[in-house]
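Chains as they are written, first to last, in this note's numbering: chain P, 1 to 438; chain R, 439 to 876.
Certain hints may be false.
[Stated by the list, open to error] Within a straight-line C-alpha distance of at most 20 angstroms, the following computed SDA-like cross-link-like pairs (lysine to any residue) qualify:
(1) R:Lys872 x P:Lys296
(2) R:Lys734 x P:Ala85
(3) P:Lys296 x R:Ile522
(4) P:Lys412 x R:Asp836
(5) P:Lys434 x R:Tyr823
(6) R:Lys538 x P:Cys22
Derived from the structure by calculation, the hints contain no laboratory data.
Number of protein chains: 2
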Amino acid sequence: MTTIDTLLHGRWIIPMTEGDPCLDHHSIAIHEDRIVAVVPTEQANSTYRAAVERDFNEHALMPGLINAHTHAAMSLFRGLSDDIALMDWLQNHIWPAESKWVNEDFVLCGTELAIAEMLRSGTTCFNDMYFFPDITARAAKNAGIRACVGLIVIDFPTVWASDATEYIDKGIAVHDSFRGDELITTCFSPHAPYTVSDQSLETIRSLAHEMDIPITMHVHETAHEIVQAVEKTGTRPLYRLHELGLVSPSLLAVHMTQVEHDEIEMLASSGCHVVHCPESNLKLASGFCPVAELYKSGINIALGTDGAASNNDLDMLGEMRSAALLAKGVAEDPTALPASSALRMATINGARALGMDERIGSLEIGKQADVIAINMDRIETTPLYDPVSHLVYSCGRDQISDVWIAGRHVMKNRVLTGLDEASIRQQALQWSRKIGSE
Amino acid sequence: MTTIDTLLHGRWIIPMTEGDPCLDHHSIAIHEDRIVAVVPTEQANSTYRAAVERDFNEHALMPGLINAHTHAAMSLFRGLSDDIALMDWLQNHIWPAESKWVNEDFVLCGTELAIAEMLRSGTTCFNDMYFFPDITARAAKNAGIRACVGLIVIDFPTVWASDATEYIDKGIAVHDSFRGDELITTCFSPHAPYTVSDQSLETIRSLAHEMDIPITMHVHETAHEIVQAVEKTGTRPLYRLHELGLVSPSLLAVHMTQVEHDEIEMLASSGCHVVHCPESNLKLASGFCPVAELYKSGINIALGTDGAASNNDLDMLGEMRSAALLAKGVAEDPTALPASSALRMATINGARALGMDERIGSLEIGKQADVIAINMDRIETTPLYDPVSHLVYSCGRDQISDVWIAGRHVMKNRVLTGLDEASIRQQALQWSRKIGSE
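The shape of chain P in the complex, shown without the other chains (with noise of 0.2 angstroms):
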């Protein structure tokens, strides 16, 4: 017998292995931060000696979700203002909100908020972009949640700095304090082609090369982006990155909803990887991502919820499913992005895209132990002929029970064990108090 930390014995384990959709009556052996093995529980009981022996005989065990694009801290303005039009939104209300009252505290407050509800609903990992990144990064540290901290930057001044040196100055001292982080790891995000010149982007280019960290950028969200660049600069934003060298596999190409035949052709030889976020860009009515040509193309497409104040919530069950019901009304093709499509979405593409997918994504042995409970037991997941197709089309967020991260357990039965729930939300009601009070 061999002693673990952990053992896990699932009903049904969804690896999201090539060729394993679904395993019956399987366990996850854990030790320390690491998956060492997913076999039989009848052979899992023989073969470990664990020093905790969990049974989940009504759930569903699968790698932790990754929200591959998100702006966590802007939870504090989830719900402040909706059913505007995009440019009215940021200019009359986004923007000046963000520049009356963002600063170190808001940063904190609203990623513990959006911290709690990720973990609530079963993702484990989130790439952010957003201003005080280093609050960003130490806020997910402890709260024991893996996240790619943004460095972001954009040419005009803000609160965290005031032209792209400073951007780029402060995001590389972010990068080198968390070098080496378990959880914590850095990519460059650049916010738009519209927002960032192209010296800037030159210099970024060649940092994440020499830093060996991707780059997240908002491309293509609205047909108007592309019409004012081309009016400004005689290209689409995509040439224009592309001549800059940035269209790689280094790149996350976020949104996308705006997509020329020969463009699907650059991202797919290119090795980019492009982040969906379906919701976001439906309630911003930025354009439809068609993301059913984009994947018989061979391109990695990730999945991501935007920021609570345009989605509103930052759930990836709900993202995964709305992203499999779009792209069959996009399509025109009911068999478009299927649930088992959806889940890699939301899981290794993810991890693909971040340049992670050797430490997570799946459940395989060597990978981080971050894993997902789903609680078929339910009503609303009642008959249960395919689990995959529940866990995309039928599942609550609720029925997230049980999350580890690196092999620790950060909710039990529903219970952040490292986050104090009461008082985040007790911090976001001031926040909201002031906010809302203008």
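Start from chain P and add chain R according to the hints.
Okay, now just chain R, sitting in the frame of chain P:
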């Protein structure tokens, strides 16, 4: 002091009356099956002495949700066959499964399962279309949920009836046996233009007029259906229905994903109702109902989940969210279908479509006490600037805490008072073992 049965104190009340989007610190006074007052809590406390008094200090209270189109019993097929083209799905999966399995017990078990799910997600009234409507009606009555039971008519033999005459005769018998029932009403439910003859439709129109009940019908669900109709009859289905005198305030036209400009005018001027089923339309890639355009023309639009086999849930909160998001994407306008309009679709518009807006759909004196409480005291609905926004964009079905129908407390702090969830799940499991073993 007036003595009444129940007094509900709400932190927020969203009555769905004109001009009252949200009332702070108000109370609902209920006596027997009716609402006797909606007044400020202070006033309620000094006016009423109630047998039961309950505080909802963190909750929004609103009228129960009205699911204007579903096939309740099909919940037993939830997740049985997904990601398949519509005609393949119908002809090779659903219709064979129905002809093999549907009987009185199937409809009873499936409907009870559906009712449990609907109550748990705040639905207090549903408009059903399925075989054995007598069983559906009895299941609804036993559970204490309001139902408009569709008297289905379809021009081919099924286990319920062998020809149009028998469908209609059996339908009338069901209608007669529930005449005057406080919870059960009926409507005619001819399946679709392509499955019901002119002669049957004329009979239905005249009977519906005589019996003073509405007509619910799938109309223009897909482009394919229209192409086939034009080939066969030389005209689009809606025009055929118009010629037959069916396009009137009595008609609930379900789906309407294909609508030309003159058809919008016809729908608007006739007073016909449209039932929008966004998630089913997406999942089956049936097309996009132009909700924003229909709204602008003044057409009354209600909301339905369709059956769980093509959704795969009966969650009207989720359906509202999908409707509000999708309408913006389709209209390319983020101001399309704001949260308050989505809420109307799921409440008062549904009541109006069913001809029941004198009795249900809003919280007003004299109306039936169909009320739901939604707990906003959660990470997912923090902070809260506007409860209407949260109800549509942020709440999960698990936040519905309590449900009253006709003054009876049918769900108390998430526990169904009139249904045995465990036995419903057990029955469904037995059915799914048989169905899934095929």
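* Starting from Lys538 (chain R), check that the Cα of Cys22 (chain P) is at most 20 angstroms away, please. => Violated: Lys538 (chain R) and Cys22 (chain P) sit about 28 angstroms apart, past 20 angstroms.
* To do: For the pair supplied as a hint, Lys412 (chain P) and Asp836 (chain R), confirm whether the alpha-carbon distance does not exceed 20 angstroms.
  => holds (18 angstroms)
* Assess, step by step, whether the Cα of Lys872 (chain R) is no farther than 20 angstroms from the Cα of Lys296 (chain P), and give holds or violated. => violated (37 angstroms)
* Distance restraint between Lys296 (chain P) and Ile522 (chain R), which requires alpha-carbon spacing of 20 angstroms or less -> holds (17 angstroms)
* Between Lys734 (chain R) and Ala85 (chain P), is the straight-line Cα distance small enough, at 20 angstroms or below? -> Distance ~18 angstroms between Lys734 (chain R) and Ala85 (chain P) Cα, so the pair holds.
* Is the straight-line distance between the alpha-carbon of Lys434 (chain P) and that of Tyr823 (chain R) 20 angstroms or less? -> holds (11 angstroms)
Consistency note: the structure conflicts with the earlier hints numbered 1, 6.
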